[in-house]
Amino acid sequence: MFLWKKVMAQRILSIIGSSIALIFSIVLFSQVWQNGTMVIQAGNWEAPYGITLVSDTLSATLVLLTGILGLAISVFAAGSIVNARARFGFFPILHFLFMGLCGSFLAGDIFNLYVWFEIIIISSFVLLTIGGEKAQIEGAVKYFTLNILASVIFLTAIAVLYGITGTLNMADLSLKIAAIEDKTLVNICAMIFFVGFGIKSAVFPLYFWLPASYHTPPHAVAAIFGGLLTKVGVYAMIRVFTLIFTLDPFLENVLMGVAMLTLFSGAVGALVQRNLQKIFSYLIICHIGFMVAGLGMGSTLALTGAIFYMIHDIVVKANLFMVGGLLYRINGTSNIKRMGEMYARYPLLSLLMAVPLFSLVGIPPLSGFWPKLSLILGGLETGNYVLIGFILFGSFMTLFIIAKVWAEVFWKKKEVTNPPANFRFFEAHTQREKILILIPIIFLSILSLGIGFGAGPIQALSERISGELSDVSTYITIVLGEKSN
Amino acid sequence: MEILLALMTGVLYAAGIYMILRRSLVKLILGLILLGNGVNLLIFLLGGITKGKPPVIPDGPAVLGEVFAAPLPQALILTAIVISFGLQSFAIVLIKRAYKVVKTDDLDEMNTTDENA
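Protein sequence lines correspond, in order, to chains A and B.
19 is the number of the first residue of the first sequence in my numbering; add one for each residue after it.
2 is the number of the first residue of the second sequence in my numbering; add one for each residue after it.
Keep in mind that the hints were calculated from the coordinates and are not lab data.
Source: prediction; values computed, not measured.
Possibly wrong hints are sitting among the right ones.
Claimed, not checked - Label pairs and their computed distance ranges (CB to CB):
#1 B/G49 x A/E399: 43 to 53 Å
#2 B/D106 x A/R442: 32 to 42 Å
#3 B/D107 x A/P438: 24 to 34 Å
#4 A/P438 x B/G87: 25 to 35 Å
#5 A/V290 x B/R98: 29 to 39 Å
#6 A/T264 x B/I18: 22 to 32 Å
#7 B/D107 x A/L410: 40 to 50 Å
#8 A/P438 x B/L22: 27 to 37 Å
#9 A/W51 x B/F86: 40 to 50 Å
#10 A/E399 x B/S90: 44 to 54 Å
#11 B/V83 x A/T264: 29 to 39 Å
What the hints assert, rightly or not - Here are the simulated BS3-like cross-link-like pairs (lysine-lysine), alpha carbons at most 30 Å apart as the crow flies:
#12 A/K194 x B/K52
#13 A/K152 x B/K101
#14 B/K28 x A/K152
#15 A/K152 x B/K104
#16 A/K24 x B/K97
The beta-carbon is built from N, C-alpha and C at its ideal position, and this holds for glycine as well.
Could you put together the complete structure from these sequences and hints?
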C-alpha cells in the first residue's frame, strides 16, 4: 500500500509475502497432521458464542495448497503482469484474495464463512476488471451479478438456519440440526445452501457465468480463479453437507443428478470451443462434477476420491491456465486453430506442458488417475452405475479434448496470426521475465508428477480427511470443548 | 409486526428478482440492492423480534436478568449492510464503466465474450 507507484518493489514484496504465507501454512499443516484438529476462539469468546477458527486436516491441506499456489502465482504474476496493471494495485488485491481463501477454509462459523466469501468476491471483482478492456468488463458484469446473487442466497440460507436453530457455530449447528425431528425446513434450507454454493462452484445449471468471464482477465488471475475460486464453493459444499446437514437419500440424489449433468454439459461445452482458455473453463465445470459426485455418493471411499481429486485439480488447473498464458505469449493468439508446431519449435517446453495436460486426463501413473479409481470403486460399492457411466464419459471426453488440443497446438502446422498491436511475444521478454514465467509452471508440474507417482501419502491424507468428515464427533468435541458431551 | 415484516421481505425479494430479470444494467443493480435489503429484513425477522431492553449487562450480575433484545441478528445485519454497501458502490462504478466501454446498457448486447473465437 505504501509502495503504490513502485511496481518493482510490489513484485518483490508479493513474492516474499507469499513465501512467508507458504512457510506458515506448512507449519500449520504439520501441526494439524501431528496433533489433530486445532481451534482458535477469536477474542477468547467461547464457542458457540464467539467466532471460531478451526483447522482440521481438510482445512490445513487446502490452506497448504493455497500457500503453494499463492507463491507460484505471485512469481508468475511478477513475470507476466504489465506495469500498468500493477500500478492499479494488482498485487495488494491478489494478496487480499489469498487472505480470503485461507480465511474461508479455516472458518468455523457459518456467518464468518459468508464474510470470507465476500472478501474473496470483492477482490476477485477488482482482479477481473483491472485493465478495463471491453471483454473484461462484459465478463465482469456477468460474474458480478451471479456472485452477488449467490451471496444473497447464501445469506438467506444462513438466516433460515439461524431461525431454525438459533446458532451459527458449525459444530453447534451440527448438534442442533441432528436433534430436530421435522426435517422439512432443514431440507429446504440445505437446498438453499446448495444453490448458493452451486453458483459459486459452477455446477449445472448455474455455471454460465464461468465460461463467460474466466478467459477475460490476465492469465495469472485466471490461474488463481481456475485453481482455487470454484474449489471454495466445493469446499463449502463438502463442509456443510458433511458437518451440518447429514445426507439423506433425497439430498444424495440431488447431488448425484447435478454431478451427472455437470459432467455432461462441461465436457460437451469444451468440445465445441476453439479458444484455449474457454476449453479449460469448460473443463473446470466438467471436473467439478467429479467432486460433487464423490460427495453425493455418500460413502467414505467416494469422498476420499473427491478430496484427492480436489487436491490434484487445484494444482493442475492453476498450472493449465499458466500454460495457456505461456502458449498465448508464444503464439500471439488463444485460438487453437491458429496455433501449431509447438513441438517442433520448443520440444523441451512441450514436454513440460504435456505434464499438466495429461495429468488432467489421468493417464495411469499421472495424478488424475488415482482419485478417479477411488470414485469409481466408491460408485461400485454404493451401486450407482449410471453415475459411474457419467464419470467414465467425463474422463473419456477430457482425454479426447486434451488429445485434440495436443494435436492442434503441438503437431499441426502453424497458421498466420494477427496479434493485437504492440503485442509482446515470449521471445521479446527479458531473461528475468522468462524465468519468472517458467519457474511456477515447472514447480507445479513437478508437484503434480509427485502427486501421481507418490500417490500413497496423498491417498492416506485423503482417507484421513474423509474419515474425519464422516465422523464429526471429534470435530464437535474439539470446537465446543468437553462440556458438549 | 411479524406479519408486516414477513410481507415486506416477500415484496423486497419479489421486486428484486423482477428487477434482476430486466435487461437494463441500472435495473439489475437496483434489483440486487433490493434483494440485499430483503435478506437483512429476513435475518431480523428470523432472529426473533422481542420487545426488550438493550442487551447490556449492568455492573454486578454476570448474566442478563430481564427480557432483552437478541444482539446477534443486529450484529449480523450490520455486517451484511456494510458488505453490501461496499459491493453496491463497486457495482455502480462498474456499470458506469461498462456503459462507457460497451456503449449500451442492454444486457442482451453484452455477449461478445460468448462468441466462439
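Against the structure, the hints come out as follows:
1. A C-beta distance of roughly 44 Å is found between B/G49 and A/E399, which places it inside the suggested range of 43 to 53 Å.
2. A beta carbon spacing of about 34 Å between B/D106 and A/R442 agrees with the range 32 to 42 Å that was offered as a hint.
3. Between B/D107 and A/P438 the beta carbon distance is about 27 Å. The supplied range of 24 to 34 Å therefore holds.
4. The hinted window of 25 to 35 Å between A/P438 and B/G87 holds, with their beta carbons roughly 34 Å apart.
5. Look at A/V290 against B/R98: about 31 Å separates their beta carbons, and that is inside 29 to 39 Å.
6. Our hint of 22 to 32 Å for A/T264 and B/I18 holds, since their Cβ atoms are close to 31 Å apart.
7. Take B/D107 and A/L410: their Cβ atoms lie about 43 Å apart, and the range 40 to 50 Å holds.
8. A hinted range of 27 to 37 Å for the beta carbons of A/P438 and B/L22 is consistent with their spacing of about 36 Å.
9. Evaluation of the 40 to 50 Å hint for A/W51 and B/F86 yields a pass: the beta carbon distance comes to about 41 Å.
10. At roughly 51 Å, the beta carbons of A/E399 and B/S90 sit within the given window of 44 to 54 Å.
11. Checked against the hint of 29 to 39 Å, the C-beta distance between B/V83 and A/T264 comes to roughly 34 Å, which is consistent with it.
12. Note on A/K194 and B/K52: the hinted pairing holds, with a Cα-Cα distance of about 26 Å set against a maximum of 30 Å.
13. Distance check on the hinted pair: A/K152 and B/K101 sit about 10 Å apart at the alpha-carbon level, within 30 Å; holds.
14. For the hint linking B/K28 to A/K152, the alpha-carbon distance of about 21 Å falls within 30 Å, and the restraint holds.
15. Distance check on the hinted pair: A/K152 and B/K104 sit about 10 Å apart at the alpha-carbon level, within 30 Å; holds.
16. Taking the CA atoms of A/K24 and B/K97, the gap is about 29 Å. The hint holds against a cut of 30 Å.
In the structure shown, no violation is registered for any of the earlier numbered hints.
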